[in-house]
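Chains as they are written, first to last, in the working numbering: chain B, 257 to 415; chain R, 257 to 415; chain D, 257 to 415; chain P, 257 to 415.
Source of the hints: derived by calculation from the structure; they are not laboratory data. All values reported here derive from a predicted model rather than from experimental measurement. Misleading hints may appear alongside valid ones.
Since copy identity is lost for identical chains, a pair holds within one copy or between any two.
[As the list claims (entries may be wrong)] Mimicking EDC-like on lysine to aspartate or glutamate, the simulated pairs with C-alpha atoms at most 20 angstroms apart in a straight line are: (1) Lys370 with Asp316; (2) Lys328 with Glu291; (3) Lys406 with Glu281; (4) Lys399 with Glu291; (5) Lys306 with Glu323; (6) Lys385 with Glu261; (7) Lys369 with Asp316.
4 protein chains.
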Amino acid sequence: MGPGEGATPEQNEMAYELGAAIAKEGWTVLTGGREFGVMEAAMKGATDHKGLTIGVLPGDSLQGASEYAQIKIITGMGSARNNINVLSSHVIVVLGMAAGTASEVSLAIKANKKVIFLCQDELTISFFKSVGTYRVSVVSTIKEAIDIMKDYVGMKQIR
Amino acid sequence: MGPGEGATPEQNEMAYELGAAIAKEGWTVLTGGREFGVMEAAMKGATDHKGLTIGVLPGDSLQGASEYAQIKIITGMGSARNNINVLSSHVIVVLGMAAGTASEVSLAIKANKKVIFLCQDELTISFFKSVGTYRVSVVSTIKEAIDIMKDYVGMKQIR
Amino acid sequence: MGPGEGATPEQNEMAYELGAAIAKEGWTVLTGGREFGVMEAAMKGATDHKGLTIGVLPGDSLQGASEYAQIKIITGMGSARNNINVLSSHVIVVLGMAAGTASEVSLAIKANKKVIFLCQDELTISFFKSVGTYRVSVVSTIKEAIDIMKDYVGMKQIR
Amino acid sequence: MGPGEGATPEQNEMAYELGAAIAKEGWTVLTGGREFGVMEAAMKGATDHKGLTIGVLPGDSLQGASEYAQIKIITGMGSARNNINVLSSHVIVVLGMAAGTASEVSLAIKANKKVIFLCQDELTISFFKSVGTYRVSVVSTIKEAIDIMKDYVGMKQIR
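Bound conformation, chain B alone (with noise of 0.2 angstroms):
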C-alpha cells in the first residue's frame, strides 16, 4: 500500500524492488490496482519476475486499471475498496503516506492485520503508534521486511 499519483521515483523504485522480491518468494502482490504510484510499481516489479499480482480497483470498470494488474477486482466502491484490500492481504507493507494509504493502515489495525512500515517517517510512525499498533513492525529495507513476512507467513500456516 503507499501513494498513487503523490509517489516519489524513489517510492516507485523501491515499490517495483519489493513486488519482485513478493514476486521471488512466491507470494501475490495485491494493490488499489491503478495505473500510477507505488501500486502500479509494485505490480510491475512482480509481474516482470514472474509473480501474480491482484488489483482491487476502485471504479466500477477497467478505467483506470494498470496493465499490471494481471487480476482484477472491479469493486465500484470507491474508497470503500480500501477495507477489502486490508481483508484480504496476510500482511500490508506500507511505503509512501498518502490519504488513502493512511486509511488502509488505520483499517488494517482496526482489523488487527500485521503491518510492515517500510522508510516511514518518525511523525507516521509515532502517529499509528500512538492508535494503538502492537502488530506494526518499522523496517528500513525490504529485505527485512521480506524476512518478517517470512517469518509471519510460517507462524500463520498460510498455505
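With chain B fixed as given, assemble chains R, D and P onto it according to the hints.
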C-alpha cells in the same frame, strides 16, 4: 453463479464440468467463493484442470471459504459483494437459481453485462427477459456456453 | 422499491400515494434516493404529507439526488447500495419492476426480509415465489399493503 | 467521529455537549451508530435536545445499535461503512482518536471533506497535516467548532 447450499447434485456436476471447460480455455473462474454448491464445484472443476480460480467472499475472514478458491478476496460486506462478482466478470454464466443468484443476474443486467443462462427453466428465462435483457443468451449445454463466451471474448478482445 | 427512469406514470402516481399513506402512519420512507421514478414519487408523497424520507444514494456526491430525499446517505458504491436499502428497511414494498428492483427483491429474500408485492404481474410473482419467498405477500391496493405492514410492525414491536 | 469502546469519560462528555450544540443549530448528527463511546454520546446529546440523529451501522442487523440512533442505516459492510459516514456528512468533527476514527479522517481528507479537529493532540494534528489537509481546522472548544461549521454551511448553502 448459482445456488450454494440449495444446489442439486446435477447442478454441482454440471458446475464442475463448466469450471473444467473454462479452465481448458485458459480463462479464470470467479465465484462467490464459499465452500459448497455451484461456487465450490465450478472452482474444483477449474482447479482440477489447472485453471485459476477467484472467490469473492462475503465474510470478513477466511471462514467458510472453499479450498478451491485459489485467490480469496475478503470483502466483509455480505451480499453486497454480489455486485463485485458481477462487475469483475467478463461474462456471467448462471446455473441453477436462488435468491443470491437472482440478485447477481439482476445486478448483471443492470450493469449491462453479458449473461448466459445454462439449463434454466422457462419461468426464470421469461422473468429476466421481461426485466430487459437483450444481452442474455439461453443455452442447454456447456459447449454452447463456451462457444458464446469465445465469440464474446473475441469481440471484446479481452487480454 | 421500484423502477427509476422506466417507471410508468401510473406507477409514479401509485408510489406517490403509497408514500403519502406511509407518512400518515408516522413511518419513514426509504428509497434509492434518485431524482426520478418510483423513488422520487414515493418520497414526494411522504414529504407532502409531513413524513420523513431517506434516500440511500448510489453515487459519491449529491448529484442526481432527489430534492424529496430529506436525509441523503451517500454511499459511493453504485448498485451494491441496494443491499443497504434492503437491510435498513423493516418491510420492502415493491411497485413496478426493473433490473435494480429485481436485485433488491432478491437481496431482501436472501436477507429474510418481509416483501410486499404491490400490483405485480403474474410472471414476477411466480418467479420470486419459485426462488423461495414464503415471506412475500401479494396485494393490489395501497390499503392492503399498509394493513400488512401494520400487522408486521405490531408483530416485530418496532419502535 | 471518535472512539467507541476506548473513549474516555471526558471525550464522552464533550461528545454529548457537541451533539447538543449541533441539535440546537437545527443540524443532524450522523455517527457510526453503535451503542458506546463518542458515537452514542453525541447522539444522546442531540436526542436530548430534540435533534435528529443517524447511525450508519457496520453490522447486518440492529444488534449493537445505539438507542439514540433515531435513523438506523444497516450497511452490513463492517468498517467499509466508514466511507459512507464520511461521504454523507457535510462536515466531520473529530473528537478523540482510534484506528476506526483515523480511517474516517483519512477517508474524509481523500474525499476532500471539511474536517474539524476538536481537542486533538499535537501528534494527530501534525500527522494529518502532513498527509495533506488544507481543509482541516483545529479547535479546542465546541463553540469554535460550531462557528466554523456555521461559516462552512453558509458558504455551501446547504439546505
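Homo-oligomer pair classification [Glu291, Lys399; C-alpha up to 20 angstroms] = neither (26 angstroms within a copy, 36 angstroms between copies)
Alpha-carbon proximity context of Lys385 and Glu261, limit 20 angstroms | between (26 angstroms within a copy, 18 angstroms between copies)
Given a CA cutoff of 20 angstroms, do Lys306 and Glu323 count as a within-copy pair, a between-copy pair, both, or neither?
-> within (14 angstroms within a copy, 24 angstroms between copies)
Taking 20 angstroms as the upper bound on the Cα-Cα distance, should Lys369 and Asp316 be classified as within, between, both, or neither?
-> Only across copies: Lys369 and Asp316 sit 12 angstroms apart there, 27 angstroms inside one copy, limit 20 angstroms.
Intra/inter-copy verdict for Lys370 and Asp316 if alpha-carbon distance must be at most 20 angstroms = between (29 angstroms within a copy, 15 angstroms between copies)
With identical chains treated as interchangeable, where does the CA-CA distance between Lys406 and Glu281 reach 20 angstroms or less: within a copy, between copies, both, or neither?
-> within (9 angstroms within a copy, 35 angstroms between copies)
Identical-chain pair category, Lys328 with Glu291, by Cα at 20 angstroms = within (12 angstroms within a copy, 23 angstroms between copies)
The structure does not agree with numbered hint 4 stated previously, though it agrees with all others.
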